[in-house]
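*Asks:* These protein sequences, in sequence, are chains Y and G. Its first residue numbered 829, the first sequence is counted upward by one per residue in our numbering. Its first residue numbered 113, the second sequence is counted upward by one per residue in our numbering.
Any given hint could turn out to be false.
Straight-line alpha carbon distances no greater than 25 Å define the calculated SDA-like cross-link-like pairs of lysine to any residue that follow [stated by the list, open to error]:
hint, chain 1, residue 1, chain 2, residue 2
1, G, 149, Y, 1035
2, G, 154, Y, 989
3, G, 180, Y, 989
4, G, 114, Y, 837
5, Y, 895, G, 212
6, G, 114, Y, 1160
Keep in mind that the hints were calculated from the coordinates and are not lab data.
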Amino acid sequence: MNLTRLALRNIAGNSFRSWVVILCAMLVAGLALATTLVIRGAENSLNLAINRLGADIIVVPEGSETKVEGALLMSTPANVWMPDSVVAKIANVPGVGVVSPQLYLSSMENSPCCSVSNMFLVAYDPTTDFTVEPWLKQKIGSGLNLGESVGGTYVFVPEGEQAIKLYGYYLTLKANIEPTGTGLDQSLFMTFDTASDMARISKTMAVESLIIPENSISAALVRVSPGVNIHDVAVEIFREVPGVLPIESLNMFQAYRQQMNGLLRSNLIILTITWALSVLLIGLVFSMAANERRRELGVLRAMGATRVFVLRSLLMEAGILAVGGGGIGLILTGLVILLFRNLIVQSLGLPFLLPSIPSLITQAAGGLGLAILSVTLAALIPAYRISHTEPAVAMRE
Amino acid sequence: MKYIGILIIVLALVIGILPQFTDCQSQGRAITTADGKTVPMKCHWTAVAELILAVPLAAIGGMLFFSKRRETRLALSGLGALIGVFVVLIPTTLIGVCASNMMLCNNLMMPTLVLTGILVVAAGLVNGFLAYRSNETMA
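Full structure from sequences and hints, please.
*Replies:* Below is the structure:
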């Protein structure tokens, strides 16, 4: 009988003990994967949102930074305004390359066009824009004209319709942006002219009219000149333009990053406690098993099996249980996160994007590695002790 | 193998009960037609269909718990797995749920049904495999 068969027979011989070890391995591997998936998913989502914005600095009205970040990241309604004259003032700040104003308009509740209940409307100036227009020109070969829009991944034209109807205004959806896991997925981008036209039409055609305050903007996106320090430019904007707050792109979403760090800390504490308890429990189970099987292992030694063979058979048993339990834990955790990701996003208040397949495989391998390490470590001491007991002593006891 | 019967009964209870409290009807939401009448959203019909599937599934779980004949266990496992497939298909393709991912039917009811459906299929297949390999033929 070879080592694997012996280990499998032992596993089948004591199903209660095997299930305890499998459950512990499931917990350790599943929790490890869940922690890395959620935290890395939120981190990726934040970074992707910053890249998609494409600005070095975003200038918002003073005191509204959390609202703007919430709107961009979680699509929460934000009505923030500052005079459009700040655009010229920002453009005059040394080191500023391009400034492009944006309007953040009231989101729609339960709009029929979207698979999401809140939709965030962003209007941009096509003459200065450096975020949406270059992407559009690359994707569809041209920018947006009057009445045209581009949507996040959750925005679609309702079944049987030709256009999206918003505030009584018909918008053609030209393209969809790839998912980011953030509020951008449920955003609709249009030009300033389209937004003004929509506001005009809404006065007569919509139940609730779209209000855009005169000569106002919500934010200004800034790209600094090549070779200029972004932080220095942000400080200059803060000093020279009153009533606004420049946020460097790397410092964006600080509130969410803090929330994420808090979540990571709690998850790591839970994982550490679970890991320690699991190792203790598995160690206890293997000690009991080793004691129960003293005579059997003594006979095995008396028949010529070496100490190393006995040790390896016990560790092989632990390894098989760890791989089986860890594998089940990883599959279940992956399924739960995949299926319940919307609920997780809402409950945690964090954006989330599923990782790429290679990244997922790496994280799963990490979880499985931790499960194997934990079970093997827990089984090592009892396995070593029993394998080093003299056969005669083992059989007599 | 009796444990798999118990697991299937528990899953059937989840499949039958949870949708009754997470569909839009239970949350007080309904479609209002032009003449002012209210019509249940499609997630409600998914909840009804799941309840209809849960009853035979629970019965299969019970029979698996008591049955010892290899052929009976094989047949019950296959039938259970088939019901599991429909548990998944009803909220995803056959009837569906509401489109908004902010609604409870979309972000809780559907994923729970898909997960429990997959577990039912897995339990059926594992039980079928164990029954296939077993030598028990006594009633």
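*Asks:* Evaluate each hint against the coordinates.
*Replies:* So, going through the hints one by one against the coordinates:
1. G:149 with Y:1035: holds (21 Å)
2. G:154 with Y:989: Cα-Cα ~20 Å, so holds.
3. G:180 with Y:989: Distance ~58 Å between residue 180 of chain G and residue 989 of chain Y Cα, so the pair is violated.
4. G:114 with Y:837: holds (21 Å)
5. Y:895 with G:212: holds (23 Å)
6. G:114 with Y:1160: Holds. Residue 114 of chain G to residue 1160 of chain Y sits at ~22 Å (cutoff 25 Å).
Checked against the numbered hints above, the structure breaks only hint 3 and satisfies the rest.
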